[in-house]
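Protein chains in written order, with the working numbering: chain A, 1 to 313; chain B, 1 to 313; chain C, 1 to 313; chain D, 1 to 313; chain E, 1 to 313; chain F, 1 to 313.
Derived from the structure by calculation, the hints contain no laboratory data.
Each hint should be verified, as a subset may be incorrect.
Copies of the same chain are indistinguishable here, so a pair counts whether it falls within one copy or spans any two.
What the hints assert, rightly or not - Straight line, CA to CA, 25 Å or less: simulated SDA-like cross-link-like pairs of lysine to any residue:
#1 Lys159 with Asn213
#2 Lys127 with Asp42
#3 Lys102 with Arg240
#4 Lys301 with Asp311
#5 Lys300 with Pro286
#6 Lys252 with Thr209
#7 Lys276 with Arg307
#8 Lys270 with Arg71
#9 Lys159 with Pro210
#10 Lys86 with Val123
#11 Lys127 with Gln41
#12 Lys276 with Gln293
#13 Lys270 with Gly193
#14 Lys102 with Lys269
#15 Lys159 with Tyr99
#16 Lys85 with Gly212
#17 Lys159 with Gly212
#18 Lys129 with Gln41
Number of protein chains: 6
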Amino acid sequence: MTKAAITTSTRLIAILTLSAWMMLSFIPTIAHAQMMTFSRQDLMDYTPQNPFDRLPDGRPKVPDSLMERARGLSAEEIWAGLEDKKFRNQYADGFHVLYPGKTMVGRAFTVQFMPERADVDDVAEAKAKAHGLPPLTNQMAIDMLQPGDVLVVDLFGKKVDGTIVGDNLFYYVMKATHGGGLVVDGSIRDLDGISEIDMPAYFRSVDPTPIGNVMLTGINIPIRIGGVTVMPGDLVVGDREGVYFIPPQAVKDVLDRADETHVHDEWTKKKFDEGKYKSSEIYGSPTDPKLKQEYQEYLKKRLQEIRSKRDSH
Amino acid sequence: MTKAAITTSTRLIAILTLSAWMMLSFIPTIAHAQMMTFSRQDLMDYTPQNPFDRLPDGRPKVPDSLMERARGLSAEEIWAGLEDKKFRNQYADGFHVLYPGKTMVGRAFTVQFMPERADVDDVAEAKAKAHGLPPLTNQMAIDMLQPGDVLVVDLFGKKVDGTIVGDNLFYYVMKATHGGGLVVDGSIRDLDGISEIDMPAYFRSVDPTPIGNVMLTGINIPIRIGGVTVMPGDLVVGDREGVYFIPPQAVKDVLDRADETHVHDEWTKKKFDEGKYKSSEIYGSPTDPKLKQEYQEYLKKRLQEIRSKRDSH
Amino acid sequence: MTKAAITTSTRLIAILTLSAWMMLSFIPTIAHAQMMTFSRQDLMDYTPQNPFDRLPDGRPKVPDSLMERARGLSAEEIWAGLEDKKFRNQYADGFHVLYPGKTMVGRAFTVQFMPERADVDDVAEAKAKAHGLPPLTNQMAIDMLQPGDVLVVDLFGKKVDGTIVGDNLFYYVMKATHGGGLVVDGSIRDLDGISEIDMPAYFRSVDPTPIGNVMLTGINIPIRIGGVTVMPGDLVVGDREGVYFIPPQAVKDVLDRADETHVHDEWTKKKFDEGKYKSSEIYGSPTDPKLKQEYQEYLKKRLQEIRSKRDSH
Amino acid sequence: MTKAAITTSTRLIAILTLSAWMMLSFIPTIAHAQMMTFSRQDLMDYTPQNPFDRLPDGRPKVPDSLMERARGLSAEEIWAGLEDKKFRNQYADGFHVLYPGKTMVGRAFTVQFMPERADVDDVAEAKAKAHGLPPLTNQMAIDMLQPGDVLVVDLFGKKVDGTIVGDNLFYYVMKATHGGGLVVDGSIRDLDGISEIDMPAYFRSVDPTPIGNVMLTGINIPIRIGGVTVMPGDLVVGDREGVYFIPPQAVKDVLDRADETHVHDEWTKKKFDEGKYKSSEIYGSPTDPKLKQEYQEYLKKRLQEIRSKRDSH
Amino acid sequence: MTKAAITTSTRLIAILTLSAWMMLSFIPTIAHAQMMTFSRQDLMDYTPQNPFDRLPDGRPKVPDSLMERARGLSAEEIWAGLEDKKFRNQYADGFHVLYPGKTMVGRAFTVQFMPERADVDDVAEAKAKAHGLPPLTNQMAIDMLQPGDVLVVDLFGKKVDGTIVGDNLFYYVMKATHGGGLVVDGSIRDLDGISEIDMPAYFRSVDPTPIGNVMLTGINIPIRIGGVTVMPGDLVVGDREGVYFIPPQAVKDVLDRADETHVHDEWTKKKFDEGKYKSSEIYGSPTDPKLKQEYQEYLKKRLQEIRSKRDSH
Amino acid sequence: MTKAAITTSTRLIAILTLSAWMMLSFIPTIAHAQMMTFSRQDLMDYTPQNPFDRLPDGRPKVPDSLMERARGLSAEEIWAGLEDKKFRNQYADGFHVLYPGKTMVGRAFTVQFMPERADVDDVAEAKAKAHGLPPLTNQMAIDMLQPGDVLVVDLFGKKVDGTIVGDNLFYYVMKATHGGGLVVDGSIRDLDGISEIDMPAYFRSVDPTPIGNVMLTGINIPIRIGGVTVMPGDLVVGDREGVYFIPPQAVKDVLDRADETHVHDEWTKKKFDEGKYKSSEIYGSPTDPKLKQEYQEYLKKRLQEIRSKRDSH
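Please construct the entire structure, taking both the sequences and the accompanying hints into account.
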């Protein structure tokens with residue numbers, strides 16, 4: 001497909017198609033050019049429990065419908081759901097949160113930088129060139145983003161020279177991911193400009209310097225953000241407290257459990273509104289058998305309503 | 001009074017009555033069950049200058065009318081009033097403030113936790129059981145809250161496992177205290193949910209873990225928050241900077257002095273608006289005798305207005 | 001001109017005139033009374049490249065028209081402009097920002113405090129008295145502020161007793177500078193009151209104590225704020241990230257360059273909106289010759305529009 | 001016994017006797033005078049598993065012989081021993097360690113301070129006076145120390161005005177405890193002088209100010225040091241990393257287990273010295289059955305040697 | 001070669017031979033078992049400028065003779081030498097230094113851990129098992145160490161559960177590397193025991209917990225320590241300030257330059273001893289032509305002495 | 001005096017004479033070349049209470065005999081002495097202390113740096129050149145040091161590029177000041193080399209970079225170190241805790257008072273050794289009248305001994 005042909009399509013399809021095209025053309029080679037390699041096969045090997053389709057680059061593709069449901073998740077629900085499955089490290093906080101009232105949901109697209117070291121970087125750049133790839137920069141990674149992605153970047157907490165994007169590239173990321181989001185263990189610049197763009201973002205600091213003195217060492221490889229090992233394709237959920245990285249195989253259970261918690265909280269507050277009970281008579285679960293039964297019936301009814309409403313969409 | 005009877009009353013009265021009932025039934029025993037004891041008599045011994053009535057649990061009861069006036073206090077006024085009386089340690093800051101623009105006012109209901117230690121906790125729990133008390137948890141304390149209380153909790157700055165409440169119990173505290181407030185030298189969870197509930201809160205951090213690895217060691221005992229010794233019944237006032245704990249015997253003077261400061265600031269800004277004076281000619285007090293007289297007259301007039309307006313309510 | 005005469009003028013003119021009068025009467029003597037001296041001649045010697053007029057106290061006077069243009073500057077533009085001229089240290093951050101969405105622009109009026117030391121302070125105060133000057137306090141400096149000034153204060157990061165102003169003096173500063181602004185490497189008090197006053201402010205912390213245990217050691221001398229040497233008369237620009245101190249001789253170039261960057265960002269986002277390009281095809285500069293030409297033409301046209309619109313005002 | 005009589009005894013006995021006498025005379029009253037009370041009965045109630053005698057003040061008295069054995073303990077051994085018994089919070093670090101190469105061992109004598117608050121302190125001091133007690137100061141507590149004690153003080157991390165002792169009182173503590181030791185979550189002063197006195201000490205900081213702006217609120221009550229709940233009579237063991245607070249009932253098991261670990265480490269290093277094995281063939285435990293047997297025999301033999309040597313003393 | 005045969009050799013040779021054997025047997029497979037792979041070929045590709053032999057695992061082998069010379073290097077010399085070659089990021093500090101007076105020199109053997117994540121770790125462990133490898137633990141990596149190695153470990157600053165070794169394994173590392181050394185961006189345990197073992201070590205903190213809640217993700221892959229990208233085979237030099245990671249190709253030049261600096265400092269101090277000169281007349285370089293000549297002659301003579309003395313060894 | 005002539009004198013006299021010569025030749029001009037000026041007259045004006053001679057540069061010259069006595073001072077004595085005279089800010093801590101067991105004593109020679117700013121620095125350098133002065137560098141200041149000086153440097157806490165000296169210049173400072181000392185609110189480099197040179201030093205950090213990106217702005221002007229205003233000529237005393245800056249007029253009283261404190265501590269410990277007293281019976285002062293008298297006599301006798309011994313030297 002020529003570029004000319006693309007311009008005649010609608011904007012959205014253009015982005016989707018172009019991105020897929022770029023991605024596909026990169027995939028066979030990118031793993032050879034970056035220092036830390038993690039091939040499509042590696043990615044599939046290390047995510048064997050993925051119950052969903054995969055993106056062309058091998059990442060698990062949590063379905064859009066589940067991503068939509070995840071927008072209603074609360075911290076308590078995710079934490080409890082992850083703990084059930086013995087995932088105790090999948091939460092990172094301590095970020096500046098651009099839009100505290102707006103939940104971020106998307107598929108992790110991971111990028112790793114390491115401190116610049118000319119002898120090593122020269123080899124990587126030569127490899128990239130030999131494979132017909134563009135220079136290994138933040139933009140090279142950004143150009144591979146897909147709709148629904150959240151860009152997750154390990155810049156090892158760097159502030160000065162650790163700015164993954166300014167307002168122009170932030171704008172591009174918003175367009176390319178359809179407002180997915182950004183998590184960077186590093187900084188951003190042009191906060192004034194970025195504050196006018198509608199995409200969630202989590203960053204450690206802000207600085208006016210452009211990115212520098214670092215080298216891109218991996219795209220869609222396992223990376224570390226705070227105390228979390230993030231895998232490409234993880235479902236990323238950010239609230240006003242921090243960011244959760246949910247392994248794809250846990251998504252469905254977390255969401256189902258969350259429905260129940262929603263109803264539980266609804267009922268709990270309703271009972272508190274009645275003003276007749278001590279908190280311990282109602283919460284965590286009712287002590288009185290009659291209340292217990294009342295709750296069970298309420299739960300059953302509300303879950304049915306929620307699910308039938310969901311199915312009707 | 002049976003529980004059935006309670007349900008026929010209005011919601012508000014129900015809470016008041018029920019809480020008082022619970023409190024009264026606990027008071028004789030609670031001091032024997034918790035590790036750090038401070039009996040009703042202790043509390044009265046250590047607050048001998050209290051000029052007001054007392055709550056059933058022995059805490060001084062700063063009157064509702066003074067609490068209402070305290071909502072208009074500014075930091076400068078409280079600080080100056082406390083310093084006058086040689087109280088130099090009654091201020092704590094460094095909190096996250098849930099609602100920066102909303103003054104928090106209430107009577108301190110104090111709770112202390114210490115790090116879990118099974119041998120000690122077992123004894124305390126056995127004592128509680130022997131006295132017919134519920135387990136010594138955060139909910140046991142929360143169930144004793146009264147309207148007008150601010151829940152003040154020493155969780156020694158704990159973040160992970162140091163979450164005094166999530167959104168459900170925060171909601172209960174709001175109902176039980178009639179929107180009084182929360183100060184915790186520790187953390188909360190479910191900030192998203194809590195952000196939708198209308199009650200001031202001051203906390204050190206946010207975490208998704210539930211409270212754990214701690215033991216409740218005291219209710220309504222003297223506790224430490226930052227550099228402050230907080231006594232049960234202190235008037236708690238929180239602004240967007242931090243939290244003041246005002247001994248009951250100082251409340252009246254602080255408030256009266258604040259009236260004067262209000263008028264002083266009003267006049268000062270009015271004179272600055274005139275654009276004729278250097279700041280030092282007007283503030284802290286006018287240097288010119290004529291201005292001094294003008295100020296004195298203004299002060300007298302305005303104080304009369306304020307007081308007569310207050311009396312007419 | 002008598003004070004009586006002043007009261008018949010309009011408020012604005014009064015302030016301007018009175019301030020100028022106060023300033024002029026202080027200038028010959030103030031340098032002799034403060035410990036760290038930097039005379040009008042020193043100031044002129046150390047800012048020889050100033051292309052603009054000077055204020056009566058010797059500070060370069062960046063024209064109001066350029067200050068107006070500077071309100072549209074973004075961090076990226078200033079940083080790039082300063083770096084071009086090898087100014088790499090003229091940025092300070094880590095402040096609390098009172099109004100994150102409001103750009104601060106003004107001329108630096110600098111004040112330096114040092115820790116109190118009675119033997120030294122006594123000498124300084126005696127000198128001040130001997131020269132007919134008021135006591136060396138924060139108010140003495142504040143009374144010298146001019147419209148368009150930003151008050152820039154070195155209080156060496158002091159929190160307790162390091163509060164340069166409360167709400168009354170903050171109000172005065174707002175009036176005297178016509179809403180210029182405040183930068184203090186120290187604290188303020190009465191944040192509740194200050195939050196109702198419409199002037200940008202950058203401060204390290206908030207505390208209820210009044211200023212104390214310090215001595216004023218210099219007015220309009222070179223001072224240090226974070227990692228910046230600030231000269232009296234620097235153009236101060238604050239955004240939601242931090243504060244830039246632009247040497248007067250660099251102002252014009254920074255602004256002209258910014259026009260171009262504005263257009264560049266406008267065009268970049270426009271192209272991103274089209275959805276046909278990878279980010280690297282457009283940003284930093286277009287790779288395709290045709291796009292490059294398109295951009296050059298767009299730039300030329302838009303710059304003309306901007307400038308003609310500016311000239312017509 | 002008259003004071004004159006005491007002077008004719010040997011110095012050591014004098015101290016012992018005098019201290020006991022002082023202690024005994026205080027015990028019935030001290031609990032009534034301090035704000036946070038924890039009576040002899042409370043102490044006994046909360047340490048029911050204590051297998052040893054008790055000191056006159058009710059604290060468990062870990063025998064001198066076990067204290068002697070504890071001087072050979074290593075961090076690894078204590079940690080493992082405590083974890084076996086589910087004590088996971090009994091370790092505190094982050095101190096300055098006066099003598100890194102010298103193990104501290106003793107029985108916890110606890111003291112709690114809280115921020116000064118005149119209204120409360122006045123009541124406590126009046127109570128002390130009414131009971132014929134000296135003023136509630138650091139020296140009052142220090143005068144109650146017994147041989148074998150470690151003074152453990154909660155001064156809530158205070159540096160300025162938080163100095164529990166200078167060199168004179170540190171010298172006294174050394175004499176009174178027979179070189180037991182000091183742990184303070186606060187500061188000391190006169191480090192130069194203290195560095196010449198032979199007693200282990202763990203402190204947060206050093207400051208030249210004397211103690212002040214605090215009030216003594218409890219002696220031999222449960223206190224918090226870092227993340228540990230310390231009970232009076234705990235066995236305190238300090239190494240160059242930090243301080244362990246071992247509940248008396250766990251001491252014997254920890255020590256017995258340590259003997260085995262000592263031998264294990266001895267054998268492990270001996271095998272490593274042979275240079276024939278990978279670390280994983282030997283450590284944690286040997287994988288080869290023959291090596292396993294060799295180790296078991298070595299362990300048996302060495303334990304017998306250690307124990308018979310111990311018994312012969 | 002049988003194990004029995006090994007025991008008849010001398011200890012040193014045994015270790016060398018055994019280690020080499022172990023290493024060789026692992027090399028083909030280890031890269032397939034760890035999550036982050038960096039094969040022998042990758043390592044050779046990314047260190048093309050290595051002027052020396054290579055170890056069996058592909059790492060550049062800086063010769064023992066140069067390592068010996070490196071023991072005399074000072075921080076200033078290394079820094080200047082690296083800067084000459086545009087290596088500005090090869091220094092890390094902020095460690096606890098076990099032996100401040102003892103220079104550490106060795107070849108980097110790198111290990112990377114990431115936060116535990118069961119789904120990923122299970123795959124890695126299954127792969128290890130399938131390749132006949134031992135479990136992926138710290139000991140597996142330690143068993144691969146060679147004489148002259150410094151163990152360099154990325155444990156992302158973890159304190160609790162981040163202890164790479166206790167005294168037993170530290171002892172083994174000392175034996176296996178012939179006292180090479182340890183650098184860990186994480187913690188160690190049993191500092192008391194470790195303090196008796198003669199090997200340099202650099203660590204972030206000390207903790208009594210064993211290593212846990214992490215997974216080994218790479219051996220001899222590029223890792224990050226502070227702001228440094230460390231390559232396997234880098235020459236590691238530690239002084240009392242911090243640690244330098246010198247790319248092999250830069251070692252020779254750094255050392256030659258250091259000889260000159262040694263002589264320069266020798267001469268500089270000699271001249272200062274004469275007491276006739278201002279520092280600026282002598283240092284950085286003499287200003288007076290006669291002194292300059294004197295220095296040049298001294299330099300020439302001393303360099304000849306140093307080199308002939310070196311050659312004679 | 002020619003340089004040749006100097007070489008025939010003894011080393012010590014040479015330094016003294018040369019330094020004085022250099023100093024004298026600089027004094028009239030240096031104040032004009034540095035940005036922050038503080039002339040010889042300013043210095044005399046601001047230290048009017050100085051009871052001693054002055055150095056040629058105008059600094060008070062605390063006599064050598066008093067400096068000698070000051071080597072025996074302890075923190076407690078200085079603090080108490082300064083507080084008596086209302087000097088509450090003259091202490092700074094938080095330094096790395098090179099020789100913890102060695103007291104530093106000397107006269108403050110102050111140096112101030114500020115962040116580099118080319119436009120300002122160019123003017124200063126041009127002024128220096130016009131006055132025939134060397135470039136404004138750290139070495140220019142170091143070349144002015146006198147025997148008995150302590151070099152006190154404000155480098156605003158800078159670590160990277162904030163190294164006032166490496167081992168060569170540290171060696172020169174040691175020679176020039178006769179082992180006086182160094183206090184820098186900044187860093188040093190070459191700690192290994194410096195650790196072999198016998199001079200006390202207090203610094204914030206260590207870094208391998210040379211000094212840079214700063215400009216020298218003042219020599220022997222009032223500077224700020226931590227929370228202290230340091231005046232040129234202050235008596236600097238450093239112990240293992242921190243550094244005191246004693247105004248010359250307070251030196252004699254502090255020392256006399258210290259004699260008494262020495263005796264007091266001597267007596268206190270002697271009484272504690274007797275084992276007959278509670279600490280509160282002896283310390284702060286004896287409560288028993290007979291003990292009080294005993295102490296007074298002891299004090300009198302010992303003071304006489306100390307003084308006569310001192311006079312006999």
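Evaluated hints:
Both within a single protomer and between protomers do lysine 159 and asparagine 213 lie at most 25 Å apart by alpha-carbon distance, with minima of 12 Å and 19 Å respectively. Taking the shortest alpha-carbon separations for lysine 127 and aspartate 42, both the intra-copy value of 20 Å and the inter-copy value of 11 Å come in at or below 25 Å. Proximity of lysine 102 and arginine 240 under a CA criterion of 25 Å is satisfied in both settings, with 8 Å inside one chain copy and 20 Å between copies. Only within a single protomer do lysine 301 and aspartate 311 lie at most 25 Å apart by alpha-carbon distance; the minimum there is 15 Å, versus 54 Å between protomers.
Taking identical chains as interchangeable, the C-alpha atoms of lysine 300 and proline 286 lie at most 25 Å apart only when both belong to the same chain, with a minimum of 16 Å there against 56 Å between chains. Taking the shortest alpha-carbon separations for lysine 252 and threonine 209, only the inter-copy value of 21 Å comes in at or below 25 Å, while the best intra-copy value is 42 Å. In the homo-oligomer, the alpha carbons of lysine 276 and arginine 307 never lie at most 25 Å apart, since the shortest distance is 31 Å inside one protomer and 39 Å across protomers. In the homo-oligomer, the alpha carbons of lysine 270 and arginine 71 lie at most 25 Å apart inside one protomer (23 Å), although the nearest pairing across protomers, at 30 Å, exceeds that limit.
Proximity of lysine 159 to proline 210 under the C-alpha cut-off of 25 Å is found in both arrangements, the shortest distances being 10 Å within a copy and 23 Å between copies. Taking the shortest alpha-carbon separations for lysine 86 and valine 123, only the inter-copy value of 16 Å comes in at or below 25 Å, while the best intra-copy value is 41 Å. Taking the closest pair of Cα atoms, lysine 127 and glutamine 41 come within 25 Å of each other both inside a single copy (20 Å) and across two copies (14 Å). Only within a single protomer do lysine 276 and glutamine 293 lie at most 25 Å apart by alpha-carbon distance; the minimum there is 17 Å, versus 59 Å between protomers.
Only between protomers do lysine 270 and glycine 193 lie at most 25 Å apart by alpha-carbon distance; the minimum there is 15 Å, versus 43 Å within a single protomer. Taking CA atoms no more than 25 Å apart as the test, lysine 102 paired with lysine 269 passes in both settings, with 23 Å inside one copy and 23 Å between copies. In the homo-oligomer, the alpha carbons of lysine 159 and tyrosine 99 lie at most 25 Å apart both inside one protomer (20 Å) and across protomers (23 Å), since each shortest distance falls under that limit. Taking identical chains as interchangeable, the C-alpha atoms of lysine 85 and glycine 212 lie at most 25 Å apart only when they sit on different chains, with a minimum of 18 Å there against 40 Å within one chain.
In this homomeric assembly, lysine 159 and glycine 212 come within 25 Å of each other (Cα to Cα) both inside a single copy, at 11 Å, and across copies, at 21 Å. In this assembly of identical chains, the alpha carbons of lysine 129 and glutamine 41 lie at most 25 Å apart whether taken from the same copy (23 Å) or from different copies (19 Å).
The structure fails to meet hint 7 from the earlier list, while all remaining hints are met.
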